[in-house]
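S.K.: Chains as they are written, first to last, in the working numbering: chain W, 1 to 241; chain A, 1 to 241.
Read the hints as simulated data drawn from the structure, not as lab findings. Treat the hints loosely; a few may be bogus.
Any copy, or any two copies together, can satisfy a pair, since identical chains are not distinguished.
[Said to hold, decoys possible] Derived EDC-like pairs: lysine to aspartate or glutamate, alpha-carbon spacing no greater than 20 Å straight-line:
id : residue 1 : residue 2
1  : Lys104    : Glu233
2  : Lys98     : Glu233
3  : Lys24     : Glu179
4  : Lys124    : Glu149
Note that this is a predicted model, so its numbers are computed, not measured.
2 protein chains.
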Amino acid sequence: MLYIIGLGLDLKDISLKGLDAVKKCKAVYLDGYTSQLPFSVEELERLIRKKIIIAERKMIEESNEIIESAKKQDAALLIPGDPLAATTHVELLLRAKKEKVSVKIIHASSILTAVAETGLQLYKFGKTASIAKWQKSFRPESFYDVLQENLKINAHTLLLIDIGLSVNEALSYIKEIAEKRKDKSILNKEIIVCEKLGTNDGKITFDKLDKLLKKKFSLPSCIIVPAELHFLEAEILKSFK
Amino acid sequence: MLYIIGLGLDLKDISLKGLDAVKKCKAVYLDGYTSQLPFSVEELERLIRKKIIIAERKMIEESNEIIESAKKQDAALLIPGDPLAATTHVELLLRAKKEKVSVKIIHASSILTAVAETGLQLYKFGKTASIAKWQKSFRPESFYDVLQENLKINAHTLLLIDIGLSVNEALSYIKEIAEKRKDKSILNKEIIVCEKLGTNDGKITFDKLDKLLKKKFSLPSCIIVPAELHFLEAEILKSFK
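The shape of chain W in the complex, shown without the other chains (with noise of 0.2 Å):
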C-alpha cells in the first residue's frame, strides 16, 4: 500500500489518522521540491519517529523507486499541505494505479483554504496561479491573465510562488505587468501578502503594492488580489493593515 499523506501547513498538522498511517510504513519519503516546509526533516522524523527519505524531483516525476518500494511493504510519501494540489502527484497517482498498486490518499491542510484567515470568502476565489522566476529569455505572465480573467468574474485571485522566488520578486513581477499592460487598477488596487499562514509566525498584510514592494516578507508565502469586497471582507481587511 502507498499512503500519500498531507502534512498541512505546520509540523504538528499531519491528522492522526496520517500519523496512524505513517508509523505502519517501512518506507517514508517527503516530497522535497513542490513546496517550502515552514519547519526541518529533523523535526518532522523526530514527531513521526521514522527516518524520512528526502524525495527529490526525478524520483518523484521519473523513477519508479516509490511504487516498487510500496509493492513490497507499505509505504508513505509525505507531501506538504493537500496532497494531489501539485499535478506531480496525481501522475504519481495514476502511474500507481497502472501498476495495481493500492493508494490511500490522507488530506491535511491547504494554503488553499487557509487563506480564509484573510476573511476573503473562500466560495469567492477564482482560478489559482503560480508565478515562476523569471529567465533572461522566458517571463510567463500567464498568471496575470488568470488574474485578469478572475477580476472579470469579480473572483479573487490566489497567487502562489514558486520556490527560489521572493514575496518581493513576486511583486515587482506584478508591477512590472501592470505598468506594461498600463492596468492601473492593479497598481492602485490593495493586495494582500499572507506570510506562514497556519503557523505560530502568521501574518497578513493589506495594502498597495507600491507599499507592499517597500517591506520584507519571509517564506512561505502567498499573495492574493481582492475582487470587488462584500463589507464583512472589508471590516476584517482592515484589521491587517
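Dock chain A against chain W, hints included.
M.R.: Positioned in the frame of chain W, the structure of chain A alone reads:
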C-alpha cells in the same frame, strides 16, 4: 483563548496540533449545523476525551455564549472541514476580536481541496457555489449563474449541497434550470458526484446528468461540473465511469 479547530473530513482528520489544543480546553463546542459529519458525536467525544456541547445556529450566530466562555477559560469550537470556509465562522472571529478575545485558528482538510482526488487540477477551479433546498416560492438559481461564469473562463465548478438536500434533488435542480435556459452543453456534459470524500467510503462517479439521476448517492456529497479537460484530467476521470 478561543481555539477554532478544523475537524477535516473524517473522524481522525483533526491535526495533532488541534488535538493538543482541545485537550487544554474547559469547554468544547461543535458546530452542528453548517455541514454534515460522516461520524457520530459520541465517536468524536471518545476520540478527544471531552464532553461536547452542540452549538446550533443561534448559539454561533446570535448568542455570545462561546465568546463569553472563552473569556473565562480556554474554549474550543470544532468545525467540520477547514474552519472559516463558512461566513458564519468568519463573523464569529470578528466578534471575538472586537471583544478582545484571543483566537487561534487550527486548520484541517477541506472538501475544497480533497476534490483533487477526482484528478481535476485544483488551480483550475473557479468560484464555489452552494445548492440550497428550494421552497415553493423561492427557487434560487444563483449557483447556476456561478457555474456559467466559471465556464466562461474555462474553470471547473464545485457545487456544495446544503444540509437537508439530497444529491438527486440537487441534480434535478441542475437539470431543470438547464432545460429552462436551453443550456444543452450542461445536459450533455459528463459531471462528477463525490461521496464521502476523505473517508474509507469515499466514492467518485463520472457520468451524464440523466445517468446520475438514476443512481443513489449517500451524504455528505458534492457535485463538480468540469470545464474543458486536460488530457491527464480526462484520463483519471475515465477510471471513475
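S.K.: Determine for every hint whether it applies to the structure shown.
M.R.: How the hints compare with the structure:
| no. | hint | in the structure |
| --- | --- | --- |
| 1 | Lys104 with Glu233 | between (37 Å within a copy, 19 Å between copies) |
| 2 | Lys98 with Glu233 | between (45 Å within a copy, 15 Å between copies) |
| 3 | Lys24 with Glu179 | neither (54 Å within a copy, 52 Å between copies) |
| 4 | Lys124 with Glu149 | both (13 Å within a copy, 12 Å between copies) |
In this structure, the one hint that does not hold is number 3.
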